[in-house]
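Chemist: Chain residues, written in single-letter form:
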Amino acid sequence: MKLKLPTAPSKDPIQPIPEPDEDSTLSRSTGAGRLSFLGRLTLVLASLPLLIFFILPLVALVLRVPLHDPLAALTDPAVWQAVRLSLATTLVTLGLVLLGGTPLALLLGRWRFPGRAALETVLDLPLVLPPAVAGIALLMAFGRFGLLGGVLSAFGITIPFTTVAVVLAQVFVAGPLYIRTAIGAFAAVERDLEDAAAVDGAGPIRIFRFVTLPLAAVPLAGGAVMTWARALGEFGATIIFAGNLPGISQTMPLAIYLGFEQDLTAALTLSLLLLFVSFAVLFLVRGILRQRTIDVAR
Amino acid sequence: MHETRRVPRNKVRRAPIWGCALALLLALTACAGTGSASPGATGQPVKVMVFAAASLRDAFTDIGAAYSRTHPNVVVTFNFAGSDTLAQQIAQGAPADLFASANATQMDVAVKSGAIAGSGVKTFAHNRLVLIYPTANPAHIQTLRDIARPGVKVDLAARSVPVGQYALDFLAKASADPAFGPGYRAAVLKNVVSYETDVKAVLAKIVLGEADAGIVYTTDAATASGKVGAITIPDALNSIATYPIGVVNGSKQAAAARDVLNYIVAAQGQGRLGKYGFLPGSDGRQYTPPGR
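Residue numbers (my numbering), protein chains in the order written: chain F, 5 to 302; chain R, 36 to 327.
Keep in mind that the hints were calculated from the coordinates and are not lab data. Beta carbons are placed, not taken as given, at the ideal position from N, Cα and C, and that holds for glycine. Check the hints yourself; a few may be wrong.
Claimed, not checked - Stretch-level coverage of chain R by chain F, calculated; a stretch enters the list once three of its residues show a Cβ under 8 Å from a Cβ in chain F:
1) 189-196
2) 225-231
3) 242-251
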């Protein structure tokens, strides 16, 4: 299992261990670059415990997968079913969050209106609530005897125990990560540039498409990836709101949980797969974002 | 960007912060009121950690409190979850002193892993299955046969949890019974909307009315009387669950753990288990460790 992907790590602005800065740009000279040797040593020693704590369980997980046959569990159709369901639901989730979250973030990032801060705080809540609470809340709202249950069943719609419920749980729990980042991104776009485009005769849609969006693209993409990754790992709200049925609601994290009880090897393999996919995507996007940041800076 | 955003934010956020602080304070004082067991006892209290099946939650909490009243220097704490999860955790070296499983299979897992000595395991209770439905009864469940009707939402526990396996056993036995017909099992399984991770989750989905019918233990149905209706599963089709309990090897409190085990198996514990609908451990099948 390779843990490093071929990119250019020397450009990483967030090095876990401080290194001497050869090309000291303005943005990078603020951190460890100014410290004395003793200062750096202290910083390294102080950082080590938590760093090891984060890395050790992941290493332990990788080490426990039987290496002679690491792909045996992947031939299990039930495992693939979970992988497919996870990919499909998280992509739909991401689409919905982008579609609905972008205007919401634009609204909250640009307009000052009474109660805006309170509204933003409400949108932050799903990030700190235990996912089980989110699951129960979703049941109370969309369940058969929930707030909207009567309306929904009048149209012959039931949401719990369906794939739709899986997506709703993911949107609820993971969506705020994108919205949060997008609010900041839109707020940071220079209004002068948009005004200039308006003076040149561009309509609001053209301004958004050709000025605002490109300028906010980097944090927007970052937020989108965080939302996707969080949706991929969603467990608590899903199992309560959507239940656990292979092919319908049993996503990878649920399959891992049940696999942990039945077949540790399959659970370990799935865990490793999830770990690897998450790492690869986060790492790649980090690389892309860094490239874009450098381009923008130039 | 931060400069412009911070000014209005602080103003609005101050109120929630104080609210949170107050809530935290209240929570802490509430814990202080109930959390400390027998502060008058001299010396270090002995802590016994019991890993117990989810279906034992109410009965064991009660027994634990009763035990601590007569043994003020012992604090009995519980970790309730599906027996399969607990067996795996114990096999992986979780710091449990006692393991109470809802079936023999998961106790076997712990015994085979070497985490529990099979010879010391005792059977302390029996339980049986019942079909439950929400009191509103949206699917009009009246007999066991009704859950095979197309479109009924049936909620079961996962096969890895004892009650889930027992439910499958019931379906297999019923299919062999002419009164139900050979297609019964397949028809019911087609209606399953979810396989829950423990029996309490099945109960919750029925209490909320999200599913139309579920199979749980009689003891679970008893905790939700008034919120669920129950249909008896006849003895011939019913799987009687055996509940074994054993001391975990390497327990630092082995003597105290053994004492708690004896208390549960003796009259005091059995009386309280009976109050929650469990059948006595001494009647019926006894746990036998896996042969080697």
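Chemist: If a hint holds in the structure, say so; if it doesn't, say that too.
Modeler: Now the hints, each set against the structure:
| no. | hint | result |
| --- | --- | --- |
| 1 | 189-196 | holds (count 5) |
| 2 | 225-231 | holds (count 5) |
| 3 | 242-251 | holds (count 4) |
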